[in-house]
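Hey, can you work out the whole structure from these sequences and the hints?
So the protein sequences, as listed, match chains A and B.
Heads up, the first sequence is in this note's numbering, so the first residue is 5 and it goes up one at a time.
Heads up, the second sequence is in this note's numbering, so the first residue is 5 and it goes up one at a time.
Where hints are given, some of them may not hold.
The list cannot tell twin chains apart, which means a pair is met if one copy fits it or any two copies do.
[As the list claims (entries may be wrong)] Taking lysine-lysine and the BS3-like style, the derived pairs with C-alpha atoms no more than 27 Å apart in a straight line are:
(1) Lys164 <-> Lys308
(2) Lys46 <-> Lys166
(3) Lys308 <-> Lys279
(4) Lys164 <-> Lys46
(5) Lys319 <-> Lys228
(6) Lys230 <-> Lys205
(7) Lys166 <-> Lys308
It is worth saying that the hints were derived from the structure and are not from the lab.
Nothing here was measured: the structure is a model prediction, and the numbers come from that model.
Protein chains: 2
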Amino acid sequence: MRTNRRNFIKSSISTLALAGIPVRFNLISKEHKINFLNDKMKLTYKKYDLRLKHTFTIARSSRDFVPIVLTELNHDGIIGYGESSPNVRYHEDSESVISFFNKLNLSKFNDPFDYVAIFDYVDNLTNGDASAKAAIDIAIYDWLGKKMNVPLYKLWGLDKNKTPYTSFTIGIDKPDIVRKKVEEAEEYKILKIKVGTDSDKEMIDTIRKVTNKPIRVDANEGWKQKEVALERIKWLKDEGVEFIEQPMPASQIDDVKWLRDKIDFPIIADEALTKLEDIPTLASAYDGINIKLQKCNGIHVALKMITLARALNMKIMMGCMIESNVGISAAAHLSPMIDYADLDGNVLINNDPFNGTKIIDGKLVLNDNPGLGVTPI
Amino acid sequence: MRTNRRNFIKSSISTLALAGIPVRFNLISKEHKINFLNDKMKLTYKKYDLRLKHTFTIARSSRDFVPIVLTELNHDGIIGYGESSPNVRYHEDSESVISFFNKLNLSKFNDPFDYVAIFDYVDNLTNGDASAKAAIDIAIYDWLGKKMNVPLYKLWGLDKNKTPYTSFTIGIDKPDIVRKKVEEAEEYKILKIKVGTDSDKEMIDTIRKVTNKPIRVDANEGWKQKEVALERIKWLKDEGVEFIEQPMPASQIDDVKWLRDKIDFPIIADEALTKLEDIPTLASAYDGINIKLQKCNGIHVALKMITLARALNMKIMMGCMIESNVGISAAAHLSPMIDYADLDGNVLINNDPFNGTKIIDGKLVLNDNPGLGVTPI
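Shown next, in the form of structure tokens:
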């Protein structure tokens, strides 16, 4: 079944359209809805389930698979690929993504080059739906790069040799499983650990028994009391942890400011960053921001966030959801601009429907194909 | 003489290079120095004097002609045009621009697509020299647009119908000359007046006798006392003035904050804006910023300034020096993103060496040629 769906993507949609043959409605299965924008520009989308190699546990929940929605923007004989990886925290699931797509009426736009106006329309159509908006954004950028015949990193003037090493996330688990995961992560130079649960000490101790690699931690708002957060951060610093994401709830910015005054240890905003305009306020309490394309409406907002954070002397991290190579490649093309990459979202799955950006010895490796540089498997 | 120099630009340099024939040193006159970057990418430059239609007076000085330096970036059979219009206020003149060019060693860069690293190198080579840096920046963007076969406005996703109307500057002069200038400016919908001298009242009165067009004023730091500034601004508001630029010295930001608390009238930072990092501080005292490519190192910084100012809810104006169509077109391609345009710098001259962006009934009109869309006359 899975193989069939993957072959279906490749044979019935992508190959035909890449060959310049218009995609007809009668070639599309019931699973693959079409949203006609106008005669020339089409957006299609398809649900897909990413299968996790390991059950994934964070402070809030556990899961075995992740439903995503893949998009294709078809215009002028060129297909741009996009992806939505919806997040329950933001009241999103694949149905809400599809519901958002069905609200779109892009018929007033004739060309993906109208992208500023398109993003403005898409962003303002609803509150929320960030991952659905990102799926439009990513498909448009892929299309633009292909149309102008440049890989996105080159469009943005970046040096592809300057992509960072990505951290690799070790999920919360029993010590023997954790040890096994750390061994499996041998090629990664940096580990990331979810903290903020009762198992923090056991996790860090287990990992430190088998490796001295740099560790980055994400507390996912786990500590509600600033004194508790301070005590845990002091301990993490002593354990060779490099920085911490979101130690306390997003709403408790004054407590984070208090923390920063008490300890010299980088604190990165994750859940606290919901939109561009948050950044000047966050600069008073956090040392950096974690930008996730699926949370911020996509590349067009990420580019602005990077500019704003840099001007405010903040560090920039890019993170991800569990995503296919489409979403990871979108972030990877931006990554020569950032300080910290946490872009292992497609390493954690075993049925990626796309090839594209690779991770070699822990480093993101872009190819020189135009746009995102991704191809359906 | 003037015609000869203009023909020279067209015949001996640009045409040959556009035809893919390498520009040889022995074809270049002594006036046209060459700065070899490497075998494939060349930067050439040439001094040129823009002749003003009218003697131009602002709070600080008067002048009849403006020396600029034109640049050409030649790579891969494509020429990108750039321009430096040096400003005495920032200790620049054409010799300092050329001196900056001679300091450049771009041999480590192989391609204009390395533009982020090139701008980083150029920007950090010296303090100041903004207009020389802008001449490199503009030539690179023109080249990039031509290489990717898109006009710059389209590269940036903008709608060329959304270019603003530009104001037209009426220089300080005697009433009969001012009346004549206002008549000559019939096609412009908005007038701009330099204030901050003893002739303010006479200027505004003279203009208001012949037209009710919106007026914008620039005080060029003319008032040193906040109480004086407040009194003059109240009077200007009553006279139908739309906003004021830089009423007080750039250093007196607290006085400007005091002004803003006292009167509901937009105050735009001009001289107070010297670099991107100024903007968060300026947001506490000013309602907007005036971005000039020749002051801010060029398009790459202007794009960041626009992002930053928008995120801080500020208005955006773009201004210019006395410039040829090269510099004006660079700003005009950005202009669909801005609120107020003051881009009449090449209307005030009678020997523009380039065709490109037009002003029709006071509105900036972009063409659809790739890059800046400028061609040597």
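We went through each hint and held it up to the structure:
1. Lys164 <-> Lys308: both (20 Å within a copy, 22 Å between copies)
2. Lys46 <-> Lys166: between (35 Å within a copy, 26 Å between copies)
3. Lys308 <-> Lys279: both (10 Å within a copy, 17 Å between copies)
4. Lys164 <-> Lys46: between (31 Å within a copy, 24 Å between copies)
5. Lys319 <-> Lys228: Within one copy, since 24 Å is at most 27 Å while 39 Å is not.
6. Lys230 <-> Lys205: The answer is within: 18 Å in one copy meets 27 Å, while 60 Å across copies does not.
7. Lys166 <-> Lys308: both (20 Å within a copy, 21 Å between copies)
The structure meets every hint from the earlier list without exception.
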